Every structure is written in C-alpha cells, then in structure tokens.
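Protein chains: 2
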Amino acid sequence: MNKTPNFREIRYNEKRDKILKNAARLFAKSGYENVSMEKIAAKLKLNKATLYYYFKSKDEIFFMIQMQAIEQANDALGKVLDSNLGPKEKLLEAIKSHVRIVTRDYITGTFRQRELILPRKLMIKVIAARNRFEENFKKIVLEGVEQGIFQEDNWKLAVMSILGALNAIPRWYSPRGKLSPENIGETISAFVIKGISID
Amino acid sequence: MNKTPNFREIRYNEKRDKILKNAARLFAKSGYENVSMEKIAAKLKLNKATLYYYFKSKDEIFFMIQMQAIEQANDALGKVLDSNLGPKEKLLEAIKSHVRIVTRDYITGTFRQRELILPRKLMIKVIAARNRFEENFKKIVLEGVEQGIFQEDNWKLAVMSILGALNAIPRWYSPRGKLSPENIGETISAFVIKGISID
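Taken in order, these protein sequences are the chains called A and B.
Per our numbering, the very first residue in the first sequence carries number 1; after that it's consecutive.
Per our numbering, the very first residue in the second sequence carries number 1001; after that it's consecutive.
A couple of the hints might just be wrong.
Said to hold, decoys possible - Anything over 10 Å on all C-beta distances counts as not near chain B; from chain A, calculated:
no., residue
1, T4
2, Y12
3, M37
4, S57
5, K88
6, Y106
7, N136
8, E143
9, D153
10, M160
11, N183
12, T187
13, I188
14, F191
15, G195
Stated by the list, open to error - Some chain A residues close to chain B (C-beta under 8 Å, calculated; not the full set):
no., residue
16, L118
17, L163
18, G164
19, A168
20, W172
21, L179
Think of the hints as simulated: they come from the structure by calculation, not from any bench.
As the structure is a computational prediction, the values presented were derived from the model and not from experiment.
For each residue, glycine too, the CB sits at the ideal point set by N, CA and C.
Go ahead and model the full structure; you've got the sequences and the hints to work with.
The structure is reproduced here in structure tokens:
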C-alpha cells in the first residue's frame, strides 16, 4: 500500500488550506458573525456546493483554522523542547517561534476571536490542543527552574503571564508597525528572561 | 436644584447594578449566546417587562458590564497615577489594583468574552474606554523610563505585554486556586519590575 498522497489528495489539501486562509482573513476583517458561507464562497469564486464539499459548516472552518494554528505552535514548541539548547535559549526560541505564528495575517485574525463562539464539542478540542501547548511551554520553564536558572516561586504564574502576553499580540500587532515579529519575539524574551531568572 | 440622588434614583441604580452582576454571572456560566433576556429575568425573579424597563437589550447589558469594569479599572489607575509614589511602587499598585478588578467573579466572566460580540457602535465605546486605560498605564511606565528606572528600549512593547498578561488572568484564574488576587498581583509585579528595570 502506498501512503504517499496522490495528486488528487494534494490538490484537495491545497484547496482546503486556501479556503481556510481566505476565510480567516474574512473573519478578521468583518467579524465571525458577519461572514456567511456565501461570502466565503464568493471571495474564493467557488459556488456554495463546492465549498460545502470541503467544509460542512462555518464552525468547522473556524475550528480548523484554530486547530491548524495551535498545531503549528505545538510542532514548533516540540522542536524547541527536544533541542539541546539551555533553558534561556529554549525560552527565547519558544517565544520567537510563537510570535512568528501569531503574527501571520490569517492567524492574527483568528486569534482575535475566541474559541468560545464554537459549539461545545469543537471548543473542547481547541482547548485541549491549547492545553497541550501550555503544558509544553511549562516544561521549558520548569527545566530552567530545575537547573537553578529560573526562579522557583510561582513559576507557573510566570508561564501563564508569558502566554498571556504572547496571546495578546494579535490584538495590537500591525504588519505596518515598526517592530518585526522577530524584534517583538526578541524583546519580549529579553524582558521575560530577565524577569524570571535568578540573579 | 438638588443634585443628590433621591431614594427612587438610588433604588433604580441599585437594581440596575444587581441586574448587571447577575447577568454577568449567567454569561460567564452559560456563554453570552446562550443567555436570553428571559433567562436573565428568570434568574432575578423579574418579569420580562420589568427587565426591559432597565435595559433595552442584552447587548446593552453586556456593554454596561464591560464599561463598568473598565471604568473601575480607570478610576483605580487614575488614583495610582496621581499619587506621590515612585515609578516601581506605582507600577506595583497599578498591577495589584487591576488584578483585584479582573478577578471579581462577575467581571471575570465578562472579560472571558470579547467586546467583539457587541454591535459596532457599542464596541467602539468599549475600545475607547480601554484605550484610555492603556494610555494611563503607559504614563506610569513612562515616568519610570524618564527617571532612568525602567528600560527605554521598547517600553511600549513592555506595557502591551504587561497588559496582555493581566487581561489573560480571567481565562485561568479560579477563586479556589491557591493564589489570592493579592498574591497574583504582587508576584506578577515582581517579575515585571525585575524584567523592565535598569540594573
């Protein structure tokens, strides 16, 4: 059996991805409530039936965008966690890669919204994926705590504060601002690492 | 002309306030979309007509809750800003008072939701009030920058990160957790002040 995706599958996946990105931009621009399946189809010059062939509802589209973004963040974080870097460097890389993801235009728009608008069944999956991210982020800081590099007291509160700061970026970030995602990641890391380090 | 509110006005205001708090708790528990004016009236043992006498829509209730919370935060911040404290102490007090507000049960619920669900006209007012808060918070940090106590480079990004961390608290805070709002405020302040101070 051949597990390599065939041409048809690749096209199908590319199409789905294109729909997700364009829908995300529409949600960002007009607000989730104000975007219908019709509008998504129109933006992509698809007829509605074709759109429904790929996604059975607007909720499913929004859910997939959120999941894709969180999975990207989880993958990036997993690589950092498995690397041979020291705790400070790991935290720097983790923050930088997360900033890179949350500042992508189509992701920014989605993260301005909340998973709370999803039906409960889907919302729970988003929250679970987000919790995995949070757990991995905690592991990075905990390594530093165990090595006596980061402060032990209330280190979990430090992690929640860092994640709060990072996840707020889509609310104020502008690609026309003077700071690049790289600058933002490095600057926040510098504040954070100084703030939680022992010394 | 007597500007002191009379008994009738006081009762009216108390009643409005009671409606807001109870509605906020319902929104927090069941999600904004799933709470109707009927449910709010039922919780308060009011008939629907009485509820409509106080608020003309669910949007107006949600809007008032958000505005009340932001105005409380603005008042508290204004007092800190006008005080004679030094920049580090001002920042500590500003953070502590904000944590105290965002951890109040009925406010926590509201801040888990977003102003994005409001009609545009109301949303703009919420954002304007929030911007005033942000501007005042920036003034506190800027005082420290000007006095050579806080780092000048990217101080605005530091402020946005602090606010991101603080505004994320309603997403994870539990009154049954081991940290009190006071502990949370002091701990976050300690991380932040260490992170942004020169030395």
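Evaluated hints:
no.: 1; hint: T4; result: holds, 41 Å
no.: 2; hint: Y12; result: holds, 32 Å
no.: 3; hint: M37; result: holds, 19 Å
no.: 4; hint: S57; result: holds, 16 Å
no.: 5; hint: K88; result: holds, 13 Å
no.: 6; hint: Y106; result: holds, 17 Å
no.: 7; hint: N136; result: holds, 16 Å
no.: 8; hint: E143; result: holds, 18 Å
no.: 9; hint: D153; result: violated, 8 Å
no.: 10; hint: M160; result: violated, 5 Å
no.: 11; hint: N183; result: violated, 8 Å
no.: 12; hint: T187; result: violated, 5 Å
no.: 13; hint: I188; result: violated, 6 Å
no.: 14; hint: F191; result: violated, 4 Å
no.: 15; hint: G195; result: violated, 3 Å
no.: 16; hint: L118; result: violated, 10 Å
no.: 17; hint: L163; result: holds, 7 Å
no.: 18; hint: G164; result: holds, 3 Å
no.: 19; hint: A168; result: holds, 3 Å
no.: 20; hint: W172; result: holds, 5 Å
no.: 21; hint: L179; result: holds, 7 Å
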